[in-house]
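Let the hints inform the model, and build the full structure from the sequences given.
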Amino acid sequence: MAGGVERWVERHLRWILPAPAVIAMALLLVVPLVYTAYLSLHEWYASSVLGPRLVWLDNYAQLFLRDERFWPAFRVTLVFTVGAVALTVTLGLGIAHLLIRNFPGRGLARTLVLLPMIATPVAMALVWMTMMSPTIGVLNYVLRSVGLAGSAWVSSPRSVIPSLLLVETWMWTPMTALICLAGLATLPSEPFESARVDGASGWQIFWHLTLPFMRSTLVVAALFRTIDALKVFDIVYVMTEGGPGFASETLNLYVFQTSFKYLNLGYASALIVVFFTLILGASMLLIQVRRSPP
Amino acid sequence: MATWTRRIALGGMAAVLVAFLGWSVSGPPPVGAQAGFDWKRYSGKQVRFLVNSHDWTNEIIRPAIPEFEQLTGIKVAWEIFPEDQFRQKLAVEMVSGSGSVDGFMSLTSWDGLRFLKAGWYEPIQKYLSNPAVTSPQFAFDDFFPNTRQIATVDGHLIGVPLYPEVQLLYYRKDVFKTKNVAVPQTMEEWEAAAKKLTDKSNNFYGYVSRGKRSAAVYTLAPYIFNFGGQWLDKDHQPLLSSPAAVKGLETYGRMLREYGPPGVVNVHTYEVVDLMSQGRVAMASDSSNWVSSFENPTKSKVAGLLGYARIPRGPGGSHTPLISWAISISAQSKNKEAAWYFLQWAASREMVLRQAKAKIPVARKSAWESPEFQSGLPKEWLSAFQATLPDSYPNQANPVVVAVPETRDAIGAAIVAVIEGQDAKDAAERAQKSVAEIIKKTQ
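So the protein sequences, as listed, match chains A and B.
The first sequence stops at residue 294 when you use my numbering, and every number in between is there.
The second sequence stops at residue 1443 when you use my numbering, and every number in between is there.
Source of the hints: derived by calculation from the structure; they are not laboratory data.
Given the structure is predicted, the values throughout are model-derived calculations rather than measurements.
Mixed in with the good hints there might be a few duds.
As the list claims (entries may be wrong) - Cut-off 30 Å, straight-line C-alpha distance, at most; resulting in silico cross-link-like pairs (BS3-like, lysine-lysine): (1) A:Lys261 / B:Lys1234; (2) B:Lys1234 / B:Lys1425; (3) B:Lys1301 / B:Lys1200; (4) B:Lys1179 / B:Lys1195; (5) B:Lys1441 / A:Lys261; (6) B:Lys1177 / A:Lys261; (7) B:Lys1040 / B:Lys1365; (8) B:Lys1200 / B:Lys1425; (9) B:Lys1433 / A:Lys261; (10) B:Lys1173 / B:Lys1200; (11) A:Lys261 / B:Lys1117; (12) B:Lys1365 / B:Lys1177; (13) B:Lys1089 / B:Lys1126; (14) B:Lys1441 / B:Lys1234; (15) B:Lys1196 / B:Lys1299; (16) B:Lys1089 / B:Lys1441; (17) B:Lys1177 / B:Lys1195; (18) B:Lys1299 / B:Lys1195; (19) B:Lys1089 / A:Lys231; (20) A:Lys261 / B:Lys1440; (21) A:Lys261 / B:Lys1425; (22) A:Lys231 / B:Lys1441; (23) B:Lys1379 / B:Lys1173.
Here is the structure:
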């Protein structure tokens, strides 16, 4: 008998060994996801003594057709994400270019550049908020002392998104710089040498060699940043709570308000399903870009 | 047998200790030590309270709990959470229906109707009128009548009010004097004063109040009331597009836009306090609670320079919201009487007097009038508060609906829009529509 079991185990080892991990993943990922999708078809307030009430696609109809906060939040999320990815990846590549060179104090410079990423986002957001205060903040003090008009920063619907992008860029450019630095370090040196021998300018080398070689690195950086930026929460929550009005309310923040402030779990689940689909779509698109030949 | 003897021994020790304490402490007798009322009736029970973090919960009640346990023999779990987490934790526990929560706090203007409709509150009238479980010393009529209304939701008395607040006008006496401005009595004088006191070139502003979305609803309230408006009509329908409400919204938005500091749409109550304490503004209207911050010279540059007054009156009079956290018994509790014992102890004359000594505003007349409370607080603040109290509207910090956070966000969006210069009537109509929809969906 024992021999039989042993042989059975032996034969199915490739299924048995990963099974615990697969089951754990399924429980941790699939179950909540399916439950969320199930809840999204219900009307349910967490404070209600009544259980969830099945409303089918009502939540989705409300969300796409009648909700006055969904589409603005959608737009804010997209604008923020595009801005954040473009800024952090471009600046990250630039900084990586500087840091790849040999110069005295390179190690120190590399460490210092990483600092914003290591610091706690909530604490940093609070510091930025204080600096951006229109009346008592240091940024306006500096601007005024060089003769410029101060800005309202996060206190005006017009400047709130650029101000948040500034903080986001400051915080996350180090990460893209790090990724790009790793990418640059692995580039083969021969093509660059022969290009230089052929008399190519720095710009030509960058455009025709570095960029194509760096393609997959940049896509990875963009992928990480896109997912992060779509999900942005901490700095927005701390600095504006989605305000002024709803001018900086992102989808993630709207989900948070709906579930934890309004305790409207059914509707929040519908929002999460849409939000999840958006992130999944964006990720798949980027992965596709990475796979397809230039 | 062994546990019995131990229990008797422990009980005996406790009794000796209580007697000793009662005998040794000179001055007022320990809380509740009156003859004729059986404080030990529920000895051996346990009660668990979920409460919101506040000086009262942290510094008045928490350290005194051993006294209550000695007095009654009831064990108390006193679980303190910051406001947001407190609500989430309470919701999770109450919805599970396990009955493990015996009592909780609630901000009745915010939570009252939601908790009531969910059936979480145990109405307390029957305990209050039962002499077997309520000490004659409790004297609920010692509470200011208006504050008792705070703990009354939809006609049900659901608990005991703890630390009431109204809104006051804070102003800089020194600046008023140098600019020769009188304390405004009417809405028109208020706006004129704000205009006269504003000096933008010196980064000094005439007036500040909350401009941040949801928070601003509270400070908008007196403007609506003073122009003769209300949040809701008798059928619980919003009155946000009424002429009075539009006028209130318009005035509030204009005053903050024209005479408020830049970035006022991001100003919450903490920023109001900062701006006033830093000496950047001449007037502010906000909760009466901030007096101790303003008068604390280590936190405030304007300590000793402030005056306190009622919110200026309009055609509808001068009314502000009157709000307070209250403490209640859970309808799911299995130890309701023991929980009620805790309530009447925590809100007893003696405990409220301790609260008054710590300068936390009190709802009891006796404690309010005690020399311990009256000394050390500015006279003007005391008289402004007392003048405001009878005309204040209990719980009207926002429309008292089930879904307060959504409702406040919808009204707050209108406030921000008007501060940003949009038409008040349009903004009010949008808010009216949203709030009507929220009420329809949730009530």
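*Determine which of the earlier numbered hints do not hold for this structure and return their numbers in increasing order.*
The structure conflicts with hints 6 and 12, although it agrees with all the remaining ones.
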